[in-house]
Each structure stands twice: as structure tokens, then as C-alpha cells.
Amino acid sequence: MELRHLQHFVAVAEDQHFTRAAERLMVSQSGLSASIRALERELRAPLFVRTTRRVTLTEAGRALLVEAERILAQVRSAHEAVAAVQGVLRGTLALGTEQCIAGVHVAQLLAGFRRRHPDVEIRLRQAGSGALAEEVAAGRLDLAFAYRTQADDDQLRSVSLTSEPMTVLCHPDHRLAAAGAVLTPDDLAGEVFVDFHPDWGPRRTTDSAFAAAGIRRTVALEVNDVHSLLDLVDENLGIAVVPRHFRHKRPSLTALPVKGTGDAEYETVALLPPERATSPAARALVTLLETEGLTPFQDGSRAS
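All the letters of the sequence shown, read from the start, carry residue numbers 389 to 692 under this note's numbering.
It is worth saying that the hints were derived from the structure and are not from the lab. From the three backbone atoms N, C-alpha and C, an ideal C-beta is built for every residue, glycine too. A hint or two may mislead.
Distance condition first, Cα-Cα at most 20 Å in a straight line; then the derived DMTMM-like pairs of lysine to aspartate or glutamate [claimed, not checked]:
no.: 1; residue 1: K637; residue 2: E623
no.: 2; residue 1: K637; residue 2: D613
no.: 3; residue 1: K637; residue 2: D561
Taking CB as the label site, the calculated pair distances span [stated by the list, open to error]:
no.: 4; residue 1: D574; residue 2: D613; range: 27 to 33 Å
no.: 5; residue 1: A448; residue 2: R511; range: 38 to 44 Å
no.: 6; residue 1: Q404; residue 2: V570; range: 49 to 55 Å
no.: 7; residue 1: D574; residue 2: R412; range: 53 to 59 Å
Construct the entire structure; sequences and hints are all you get.
Here it is in C-alpha cells:
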């Protein structure tokens, strides 16, 4: 099995199209097709279902994709490790992050990294914590800043950044603002909630807390960005339960502490592969994070 066959296979799987994948790889379409056929012959299984508009993975193709991505990530890490020993950090840093993550200023961190390692290409992706954890474990990301979603295992480890309590945000004219008291989940029963997609860390934290308290809540307004969430609350269309540092992003809103949610702390972490599989670029970023004092943020500090 040749590495170029795996590279060609992953490109077609990502683009779901032979022509687009060939253009991206800068190879002929016939050569790309021949490479995939050679791989299918070797594995004795079809890898794609081909139609006139796109291609999709077969069950065998889906199984191969997980391993192919991991193999290619390890090969890339090997090249980068040799370059690092020679005193030059090259290659790619693939970083994932949730929005407005606490404990690290992502833009500031990446700017410092680029100044120190200009030969490393930086790639950044935003997603929910569950998706980020899967991509780090699969080798598609070198590391990610996310909400802690699981305990460490043989494919994923975590470095704690910070933790903070959750806070209720509401419009100043909302009935809860007038009470001005510490709230419990019971106080919020029957309210209309604004919240993120279920994979985002704040939503996971809040869902878990309310489930533990036995309180059913309705997320009527679901968004995928912080500014939309704050805008909706600012128009008094609902309330939001968010990490405490969010309150500094919209001072016009009323922020109220919420208690009685058990261990509902919003903990953010750096997700990394096992030590042996961590790329030199990821190691350099974590070192910079530690040495430059960019973590953790204290309450009221900036977050990206």
C-alpha cells in the first residue's frame, strides 16, 4: 500500500468528487482514478459509490478513512519531528477551537506562534467540542481548545486551561432581572431559552445541569455563534445560561448567578493526541501557551 494511494483516497473522500480532488492534488483525473482502483484491488473491496454528480464512501471506505487519516498524520509528524531535530520547525499546525473559549486568547497565541515559527502553515477550524475531540483523536487536528467532553483515553489527552461557573443572562426588563437574586434551575422552569447547537460546550454544560436537577427546559432559539445569542437575549426573546465570562461581552444585559446545578462548571481544556503522536508544532504551541502566560484568563479578561 503506497502513501500516495492513501493521500489520493482521503482527498476524494473529503471532496466527494474525483475532478475536484484531482485539481486540488494537481494530478490527472485518470491518474487519480487509477490510484483508487489500485487501492480497491489491494483491499479487495469497493471504497466509493460513484454517481454522475459525486462519490460517497462505502462501509469499507468509511473504515479505511479513519485509519488512512491517522497514518497520514503520523507520517506528517515524523517529517516534522526530523525537521525539529535539525532546528527548523516546518509543516502545518492544524488547530481547532470553540467560539469564545475561556482560558486562552487564540488570536494572540497564534500571532506569537507565527512570529516564532514563520515556516509553519497555520490552519484554524471552529466547531463544537464533540467534533473537535473526534478530529484530534483521528489525527485531522494537531490539538484543539474545547470544553472537556470526556476522560482521557489512549487516543486523546487533555490539559486543563480554566473553569468557571455558569451565569444566567437576561434583558434588564425581564422578570428575573427585577428579582436580582441567586437563581436555581427551578426558578428557570418554563422560561424560553436561547442556546447553542447541542455539540457546543456551554450547551452541553447547561443540558447536563438541568437534566441532573430534573428540570425540563425548552431551547426555542438555537444559534451557532455568540453574537446572535447575545442579540436575541438583548431583544428579550429569551434567556441564556452561559459561561460567566460571556457577561462582559454585552454589559447591557443583566447577569445573575445560578446555583443548585451540581458540578456544572464550564471547564475548558487543550485536547491533544497521546504524547508519542503529538506533533512538534503542537508541542511548540503548548509551550508558548505556558511560557507566555496566556493561560488562564482571569474573570473579565479577553477571550477569543
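query = Measuring from beta carbon to beta carbon, are A448 and R511 in 38 to 44 Å?
reply = Since A448 and R511 have Cβ atoms about 29 Å apart, the given range 38 to 44 Å is violated.
Agreement of K637 and D561 with the hint, judged by alpha carbon distance not exceeding 20 Å = With Cα atoms ~19 Å apart, K637 and D561 stay inside 20 Å; holds.
request  = Assess, step by step, whether the Cα of K637 is no farther than 20 Å from the Cα of E623, and give holds or violated.
outcome  = holds (15 Å)
task = Starting from the range 27 to 33 Å, see whether the pair D574 and D613 falls in it by beta-carbon distance.
result = holds (30 Å)
ask   = Does the Cβ pair D574, R412 satisfy 53 to 59 Å?
value = Since the Cβ atoms of D574 and R412 sit about 54 Å apart, the hinted range of 53 to 59 Å holds.
ask   = Would you say the C-beta atoms of Q404 and V570 sit inside 49 to 55 Å of each other?
value = The hinted range 49 to 55 Å holds for Q404 and V570, with Cβ atoms some 51 Å apart.
message = Need the status of pair K637, D613: alpha-carbon distance at most 20 Å?
response = holds (13 Å)
Consistency note: the structure conflicts with earlier hint 5 alone.
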